[in-house]
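Whole structure, please, built from the sequences with the hints as guidance.
Following UniProt numbering, the numbering of the sequence shown begins with 1 at its first residue and continues without gaps.
Hints are supplied without guarantee of correctness; some may be wrong.
Simulated restraints, written as ranges between beta carbons of each label pair [as the list claims (entries may be wrong)]:
#: 1; residue 1: Asn48; residue 2: Val129; range: 23 to 31 Å
#: 2; residue 1: Gln115; residue 2: Gly15; range: 25 to 33 Å
#: 3; residue 1: Ser64; residue 2: Ser30; range: 26 to 34 Å
#: 4; residue 1: Asp7; residue 2: Asp40; range: 18 to 26 Å
#: 5; residue 1: Ile106; residue 2: Asp80; range: 17 to 25 Å
#: 6; residue 1: Asp108; residue 2: Pro42; range: 30 to 38 Å
#: 7; residue 1: Asp111; residue 2: Gly81; range: 20 to 28 Å
#: 8; residue 1: Gly130; residue 2: Phe3; range: 20 to 28 Å
#: 9; residue 1: Thr98; residue 2: Asn60; range: 17 to 25 Å
#: 10; residue 1: Asp57; residue 2: Leu104; range: 14 to 22 Å
#: 11; residue 1: Gly130; residue 2: Asp11; range: 29 to 37 Å
#: 12; residue 1: Asp108; residue 2: Phe3; range: 17 to 25 Å
#: 13; residue 1: Asp83; residue 2: Asn120; range: 25 to 33 Å
#: 14; residue 1: Gly85; residue 2: Ser145; range: 20 to 28 Å
The set of hints was computed from the structure by calculation and includes no laboratory data.
Backbone N, C-alpha and C define an ideal beta-carbon position, used for all residues, glycine too.
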Amino acid sequence: MYFIQADQVGDYFLGSWKVKRSITGFGEISGDARFRVNQDDPDVLDFNEAMILPNSDKANAFRSYQYRIQKNGFDIFFSDGPDNGKLFLSFSFNKESTLTSHHLCIKDHYDARFQFNSENNFVLSFSVVGPKKDYQIHSTFHRDSF
Numbered sequence: 001m002y003f004i005q006a007d008q009v010g011d012y013f014l015g016s017w018k019v020k021r022s023i024t025g026f027g028e029i030s031g032d033a034r035f036r037v038n039q040d041d042p043d044v045l046d047f048n049e050a051m052i053l054p055n056s057d058k059a060n061a062f063r064s065y066q067y068r069i070q071k072n073g074f075d076i077f078f079s080d081g082p083d084n085g086k087l088f089l090s091f092s093f094n095k096e097s098t099l100t101s102h103h104l105c106i107k108d109h110y111d112a113r114f115q116f117n118s119e120n121n122f123v124l125s126f127s128v129v130g131p132k133k134d135y136q137i138h139s140t141f142h143r144d145s146f
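Here is the structure:
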């Protein structure tokens with residue numbers, strides 16, 4: 001495991017990443033993600049991803065978030081769609097290299113886990129359980145070296 005401190009996480013995320021994601025019952029997708037410093041607030045990172053769905057040769061699934069860097073962790077806010085501006089997940093550094101968060105969306109429980117494996121690799125995993133949902137999402141990020 002890779003040890004990272006709260007005051008380093010903003011710099012850690014910055015840049016371009018290759019993403020591989022597996023979703024239970026759906027399959028695997030891949031794509032690109034990028035973290036950039038927000039133009040209006042240096043403590044906010046704008047995250048954008050473009051994923052390629054199966055049987056496609058170009059990006060056709062997109063998502064944006066804002067990572068608001070705090071003293072002891074970071075909060076992730078939606079920055080697109082109907083939930084734009086709403087808090088999605090909040091992470092505090094309480095264990096080396098691994099952070100967890102819980103989010104209740106109506107009746108669906110989202111349990112998330114960030115695991116920092118190296119300076120060029122991290123994993124974000126979700127378990128989603130609710131009356132009509134029961135799946136896992138596992139995303140592996142590798143720094144894009146161009």
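For each hint, the structure was consulted:
1. A hinted range of 23 to 31 Å holds for the C-beta pair asparagine 48 and valine 129, which are about 28 Å apart.
2. For the hinted restraint 25 to 33 Å between glutamine 115 and glycine 15, the CB-CB distance of approximately 19 Å leaves it violated.
3. The hinted range of 26 to 34 Å is not satisfied by serine 64 and serine 30, whose Cβ atoms lie roughly 18 Å apart.
4. A C-beta distance of roughly 21 Å is found between aspartate 7 and aspartate 40, which places it inside the suggested range of 18 to 26 Å.
5. Evaluation of the 17 to 25 Å hint for isoleucine 106 and aspartate 80 yields a pass: the beta carbon distance comes to about 19 Å.
6. Distance hint for aspartate 108 and proline 42: a CB-CB separation of about 33 Å, consistent with the stated range 30 to 38 Å.
7. Hint check: aspartate 111 to glycine 81, Cβ distance near 21 Å, so the stated range 20 to 28 Å holds.
8. At about 34 Å, the beta-carbon gap between glycine 130 and phenylalanine 3 misses the expected band of 20 to 28 Å.
9. At about 32 Å, the beta-carbon gap between threonine 98 and asparagine 60 misses the expected band of 17 to 25 Å.
10. The hinted range of 14 to 22 Å is not satisfied by aspartate 57 and leucine 104, whose Cβ atoms lie roughly 37 Å apart.
11. The beta-carbon spacing between glycine 130 and aspartate 11, approximately 35 Å, falls within the hinted interval of 29 to 37 Å.
12. Range check, aspartate 108 to phenylalanine 3: about 32 Å between beta-carbon atoms, so the 17 to 25 Å window is missed.
13. Our hint of 25 to 33 Å for aspartate 83 and asparagine 120 holds, since their Cβ atoms are close to 30 Å apart.
14. A hinted range of 20 to 28 Å for the beta carbons of glycine 85 and serine 145 is inconsistent with their spacing of about 34 Å.
When the structure is compared with the earlier hints, violations turn up for hints 2, 3, 8, 9, 10, 12, 14 and for no others.
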